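Chains as they are written, first to last, in this note's numbering: chain A, 1 to 348; chain B, 1 to 348; chain C, 1 to 348; chain D, 1 to 348.
Treat the hints as calculated values from the structure; they're not laboratory data. Bear in mind that the values here come from a model prediction, so they are computed numbers and not experimental data. Some clues are possibly wrong.
Put simply, identical chains are the same to the list, so a pair is met inside one copy or across any two.
Computed list of lysine-lysine pairs in PhoX-like fashion (alpha-carbon distance at most 25 Å, straight line) [claimed, not checked]: (1) K260 / K6; (2) K90 / K149; (3) K203 / K260; (4) K67 / K132; (5) K27 / K90; (6) K260 / K70; (7) K6 / K27; (8) K27 / K132; (9) K200 / K70; (10) K277 / K67; (11) K132 / K200; (12) K277 / K70; (13) K90 / K70; (14) K132 / K70; (15) K90 / K260; (16) K149 / K203; (17) K277 / K132; (18) K203 / K90; (19) K203 / K277; (20) K6 / K70; (21) K260 / K132; (22) K27 / K70; (23) K6 / K277.
Now for the letters of each chain:
There are 4 protein chains.
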Amino acid sequence: MIIVMKPDHTPAQAEAVSERLANFGLKAQPIHGATRTVIAALGQVLQDHRDEMSMMQGVDEVIRVSKPYKLSSRETHPADTVIDVGFGVKIGGGRPVFMAGPCSIETEDQLWASAQGVREAGAHVLRGGAFKPRSSPYAFQGLGVPGLKMLRQAGDELGMPVITECLSVRDIDAVAQYTDIIQIGARNMQNFVLLEQAGKTGKPVLLKRGMAGTIEEWLLASEYILSQNNPNVMLCERGIRTFETATRNTMDLNAIALVKRLSHLPVISDPSHGTGKWYLVRPMTMASIAVGADGLEIEVHPNPDHALSDGAQSLTPANFAEMANDARALASAIGRPFADVPARVAAR
Amino acid sequence: MIIVMKPDHTPAQAEAVSERLANFGLKAQPIHGATRTVIAALGQVLQDHRDEMSMMQGVDEVIRVSKPYKLSSRETHPADTVIDVGFGVKIGGGRPVFMAGPCSIETEDQLWASAQGVREAGAHVLRGGAFKPRSSPYAFQGLGVPGLKMLRQAGDELGMPVITECLSVRDIDAVAQYTDIIQIGARNMQNFVLLEQAGKTGKPVLLKRGMAGTIEEWLLASEYILSQNNPNVMLCERGIRTFETATRNTMDLNAIALVKRLSHLPVISDPSHGTGKWYLVRPMTMASIAVGADGLEIEVHPNPDHALSDGAQSLTPANFAEMANDARALASAIGRPFADVPARVAAR
Amino acid sequence: MIIVMKPDHTPAQAEAVSERLANFGLKAQPIHGATRTVIAALGQVLQDHRDEMSMMQGVDEVIRVSKPYKLSSRETHPADTVIDVGFGVKIGGGRPVFMAGPCSIETEDQLWASAQGVREAGAHVLRGGAFKPRSSPYAFQGLGVPGLKMLRQAGDELGMPVITECLSVRDIDAVAQYTDIIQIGARNMQNFVLLEQAGKTGKPVLLKRGMAGTIEEWLLASEYILSQNNPNVMLCERGIRTFETATRNTMDLNAIALVKRLSHLPVISDPSHGTGKWYLVRPMTMASIAVGADGLEIEVHPNPDHALSDGAQSLTPANFAEMANDARALASAIGRPFADVPARVAAR
Amino acid sequence: MIIVMKPDHTPAQAEAVSERLANFGLKAQPIHGATRTVIAALGQVLQDHRDEMSMMQGVDEVIRVSKPYKLSSRETHPADTVIDVGFGVKIGGGRPVFMAGPCSIETEDQLWASAQGVREAGAHVLRGGAFKPRSSPYAFQGLGVPGLKMLRQAGDELGMPVITECLSVRDIDAVAQYTDIIQIGARNMQNFVLLEQAGKTGKPVLLKRGMAGTIEEWLLASEYILSQNNPNVMLCERGIRTFETATRNTMDLNAIALVKRLSHLPVISDPSHGTGKWYLVRPMTMASIAVGADGLEIEVHPNPDHALSDGAQSLTPANFAEMANDARALASAIGRPFADVPARVAAR
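Isolated chain A (complex conformation) (with noise of 0.2 Å):
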C-alpha cells in the first residue's frame, strides 16, 4: 500500500499516518519525492486498512500495489486447474468444450430434441435453464424442480453432465442434487451469500461475470467460492454492459485473454448472451477459442414441431453442428483441439 500525501500535509499528520500504520502492525517507509511525499505501507495490507487510510488528514490518496486475489491467482498457483465434471469430462488445461442447450425447459420433448441434437453435434455439457431470471415479474420464470429432473434424466440418458443456474440460496440444495455443475448468473456475481452456498455443495460452479463486473471484482467473487474448499471453479464471460446497444452486450474477449493469465481458473465464454443476436454467435465463437477460452456455453433452440418458426433465425442443431465443425478444425489449426466427447451410454 501507498499512501500519497497532500501537497500541503503537516508533518503531525505524516506521522499520525506512521503511527496508526504502526497499529496495524505495517511498517511506515516515507519517500520524499519532487513534488509530493508518499509512505509506503511494508507488511499484509487489508481491505479495511486501506479505508481507513484514505480518510485520515493530509492523506490524498491511497495505493494499492498487491493484487487483493489469492486463491484464484496464477501467482499461488500456476498450473491450469482442471475440472473433472463427470461422465468422463474435464474442464481447463487448453482443451476446449461445448457446452449446449436449450435457454430454458419448457418441456420433455423440446428438452430432448435439443439434447439429442447437441449430443450428436459433439457436446460435452447440457446446459438448460429451469430457473431463469427475468427482469420482469411478469415474464416465464422457468419450470423450477420438475425442469430440474427433467435435465437430470436427459443427462444420464445421454452419458452427458448438465448445468444449469441457481438463482438463490432457496433453491442450493435442489439444483446441486440434480446438477453436474452450478451456473452462478451474471446478475448473482455479487451474491456473495449464494456465492458461498455454492461453494459449500462441493460441486462444480460456473461464475458468470456480472455485467458492471470488473475483473479484479470477478476474481474476488470466486473466491468466495474457492475458500469454502471447493476448488472447482470456472468463469463464465457474457458480455459486459456499455454505451453501445447495437449488440444486447458487449463481449470482452480482452477479459479472457487476461484472465487466463492471472488465473489457473478455466474460463468459459457465453457468445449467445454476451452478443444476444444468433447471427453474432458463430463469429464469437471463434474468436472465442483463437483467443484462448476453455469452452463455450452456447444456447441452442430445438423448434421442431412448430411449423411458423420451422426456419427461426435461432441457433438450431442443425446450424450448431455445422459451426461446431468449424470451431473444431479451428481449434485443431491453432494447437488446442477440443476434449474427446465421452462415448454416448445410452439412447431412447
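Fit chains B, C and D to the known structure of chain A by using the hints.
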C-alpha cells in the same frame, strides 16, 4: 409492439408474422413505408411475444411501444406514494427526509455516538449495516443479528425508525423482525427471489439501483416487490458505474428527476456511495434536494474516542449537522421543506 | 512514479530499472514489501518515462503519483479564475451566469425572438450555433459566417456577450472575429490542434467535456489552451455517455463538484445536452447551481410564429424566464446569488 | 418513423402531428393499440423531422425505423468493397492484411529497423506516426513533415504502401502528399470537417472508431468521407471506453462481426490500442482474424540498439514474425488466407 421487416423479406414471411401474432391473440396491422414495411401488433404484448417474434424469418427488429412496468408507473397511479415508516415519519410526497448513521455497526458505543449525533442534527431515520456486502471475502462482513438488535434498541431509545440492508433470503426474517425499512443493495437489485421475499414481509423496502441497472430495469425490479401486495417501495439512486474513476461511482441525478416523472414511488439519494468522497457528499446532497429527491441516505462516522482520526475527513456528526442546516435552508427556499422530525421519545 | 516489480523479477531486472531511471535523471528508491518490491522514482517524471518503464522486463505496473495537469490545477493557482467576457459580464468566482439562446441560428427573426426573450429573462450571455456538428452528413449543418454576423449583431444591439461553437481550425479566424467566447464542443475535446489555435486567439474559450472524456483528460485538454498564454478557459459539463439510454447523456454533477476542487477554472453546466429532454432541464439547472456550477448554458427555442408548435415541449422564452426566477431564488438562498446583468445598451 | 403518443394525448394533438407530417411531405397513418396510439410516418424521413416531432405536444417518443446511413450500408451495396492501396495490395473481400510498424517515427534508423522487420515478417502495409495525438501537451508530439518524408522513403524502398494519421485539416495536404492511406484517429471520428477534407483528397481513408462511438455513429461518420465521392473507406475497431480499467480499452469484436454484416466496407482491427498490453496483442490478433476482420494494425517497436530494453516486453520484429506465422495458419484453416505480399521492389 412494432415489427420491422427486412428490406428483402418475402410476402410469405410477412404472412407468417401475422399468423404468429394471431396465435398470441394480437392483431397485426401492416404499414408499408418508403423503404421498409413494419407490422404493428395490437393487444396485450408480453416480453415472451417479443422474444419469439424477433427470431422469425424476415424480421429485422422488434420495437416495444408500451412501458413494461405497470405497478410502479405514474400512468397507472398518478399521485405520489407516501410511506409511513413508523415513529411518525412519512417518506414521499414532497418533503425530504434524512436517513443517517454509520456504514457498519461496529460497537454499541460507536453506534450510539453516531445515532445520537444524527438525531440531534435532525435526521429522521437511523441507518446502520449489520450485514455488509464486501467485494472480498477477506474483509469485515458485519456483526449480523447482534448488530440488528443494537440498531433496533438505538432506534427505540431515540424514537427513530431504522433501516438496514438484507443481503440474502437467508436473513430476511431476522432483518424484518428488527428493522422498519428493509434495504436491498445495488448488488441485489436483480436478486429476484430476495425481492419477492422482501415484498412478502410487508415492511417498507428501499431498493437501490444496480451499478449497471437501467432506469427501466430498476422500475421492473420494484415490481417484484410491489406485486407481492406491498405498496411500500422506495427507490434509491447511489451512483452507476461508468468509465470515470475519479469518483467511485457516477451519481445519475438525471435519473432522480426522470424517475419522479415516470413513477409515483419516493426516490432517495445516496451521495456517500454515489461519490465515494466525503468532501463531495455536501455538494451532492444539495444538488439532490434541488433536483427533487424525497430523501438522503448519508453515512456518518463518529470516531469519538480515536485520537488519531480526530480530524478525519469523513462526515462526522458535527459536519453532518452543519450540512443538514444548509440543506434545510435550500429545501425551504425551493418550497419543499424537510419533513418534521418527530419529538424524541426517550433519552439514555 | 512508483514501479511495481513482478513477484518473480530478478535482481538484474531491478537493477536495469534503476539504471534506466538514472538515465532519465530520476532517483530510484527500492522498497521491499511483504509480497512485492516497488521502486519509487524521484524527480520530474514525464508521461514518456512512464511508458518506457512499463515495458521493461520484470515490471508489473507503473503507478503515477503526481497529477499530470499543471496550469489548470488549484495546487498551483489556488484562487478562482474570473474571466471578463465583455459587456461587463464576469464568469467565475462564485456568482453564476446564464448563457442562453437557440441551438442553431436559423433566421434573423428566430434569433432575435430568442435573444430578446432570454435578455429579458435575465440571461448574461447569448448563445447560438452557426456551425453545427451533426452525426449525419444529411442533416442541417448551420448557416456558417452569415449566422456568426447575425449573432454578433444581436449581441451588440442587446448589450450581451455572445458565445458560439468553432468546429475546425478552418473556421477559427471567422469565429474569433465575431464572438466573445469560443466554444469547443464535446466531439473536439481532444482535437488538440483546434485547442491550440483557439488558445492563440486570446479569446475566452469554453471547453466542453467529451462524451468519453475523463476528468483528468478534460483538465489536460484545457492545458493545450492555457499553455498558449491564454488564461481565459472555462470548462463545461454536458453529460457523458453511459449504458443508460433513457436520457441522451448522463450528467455528471460529481464532476462539477470535483473539478471545482481540483481546478481554479470556472465550470459551466449544460443541462440541455446533458439530459436531452426539455422537462429535465429545469431540475438539472437547479441541481447544477446547488452543486456549485459557475453558470448554465441553456437552449431556448422561440417558435413564436409557428402555430403547430405553439405549445411545443421545448424550453420557450416564457418558461426559461420562469425557471430563471426560481434559479435566482435558489442561488440566493445558498449564498451564491447570480451575477448582475449589465444594463441594456440598446434596443431595436 | 413511428410516433408514440402519450396515453393522455388529445385528438387535437394527434391531428397536429398528422398536419406537421404532411408539411414534411410524409403520410401519417395512425394505429390504435391496446394501451397506446402510435402514428406511422411514411416517406423519406430526415433527422430534422424526428427532432421536431419529438418536441410536439402529446408526443411521448419518436422511434426510427430506417437505418440513417446509406452509402456505407450493405443494403444499398451488397458486395464487399475492395480497396487498392497501391504496390499491389488490396484490402477487403476476405483475405486479411497486416499493417505494422512503429507507433511514432523517432529516427531514420528506428523506422528502418522496424519497417524492414515487418516487411520480412510478411506485413503488407507500413504504419508509422508523424503527428501524435497526446492527452498531455507536455508529451512528445511527433516529428511532423520530416517524419512523413522518412515514412514515404521507407515504403518506397521496401515496396510497401504506407499509412499515417492526420490530426487536423491544417496537415491534410502534407499527409495526402506522402501517404497511401490517411488514418483518422479515434479522437477525430466526429471531426466532421477533417472527414470531409480527407474524403476530398481521394486517397484511401482508414477511420477509427471513437472511444465512445456507437456503431451507428461510426458508419454515419464514414458517410462524411464517402459522400465526397471517395469510396475508399475502411473502418478500424481499436477498443471502446468502458468501466473496465484492467485493459486500456475494451476491444469490441462483436462490432467487427456486426459491421461486416451491416456494411460493405473493410474492417481492420487494432489490438495494440485495443488492449494496451503487449501480451494481449497476440491472442486478440488471432481472435480478430477468427471473427472476420479484413486486416490488423499492429505496433512493432524495434529498440535494436538499446541494451536496457533488449528484452523489453513490447512486440519486437521477432515476436511479430512469430505471431504472423501463427495468424497465417489460423487464417488458412478457416478458409480466409492472408493476402499475398507483393514482391519486394528494392532493398537498401
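For each hint, the structure was consulted:
no. : hint        : result
1   : K260 / K6   : between (38 Å within a copy, 17 Å between copies)
2   : K90 / K149  : within (23 Å within a copy, 48 Å between copies)
3   : K203 / K260 : within (22 Å within a copy, 41 Å between copies)
4   : K67 / K132  : between (34 Å within a copy, 22 Å between copies)
5   : K27 / K90   : neither (45 Å within a copy, 51 Å between copies)
6   : K260 / K70  : within (15 Å within a copy, 39 Å between copies)
7   : K6 / K27    : both (20 Å within a copy, 21 Å between copies)
8   : K27 / K132  : neither (50 Å within a copy, 29 Å between copies)
9   : K200 / K70  : within (19 Å within a copy, 39 Å between copies)
10  : K277 / K67  : between (36 Å within a copy, 18 Å between copies)
11  : K132 / K200 : both (22 Å within a copy, 20 Å between copies)
12  : K277 / K70  : between (36 Å within a copy, 23 Å between copies)
13  : K90 / K70   : within (24 Å within a copy, 47 Å between copies)
14  : K132 / K70  : between (32 Å within a copy, 21 Å between copies)
15  : K90 / K260  : within (17 Å within a copy, 36 Å between copies)
16  : K149 / K203 : within (17 Å within a copy, 36 Å between copies)
17  : K277 / K132 : within (19 Å within a copy, 35 Å between copies)
18  : K203 / K90  : within (14 Å within a copy, 47 Å between copies)
19  : K203 / K277 : neither (31 Å within a copy, 35 Å between copies)
20  : K6 / K70    : between (31 Å within a copy, 15 Å between copies)
21  : K260 / K132 : neither (29 Å within a copy, 30 Å between copies)
22  : K27 / K70   : within (22 Å within a copy, 33 Å between copies)
23  : K6 / K277   : between (50 Å within a copy, 15 Å between copies)
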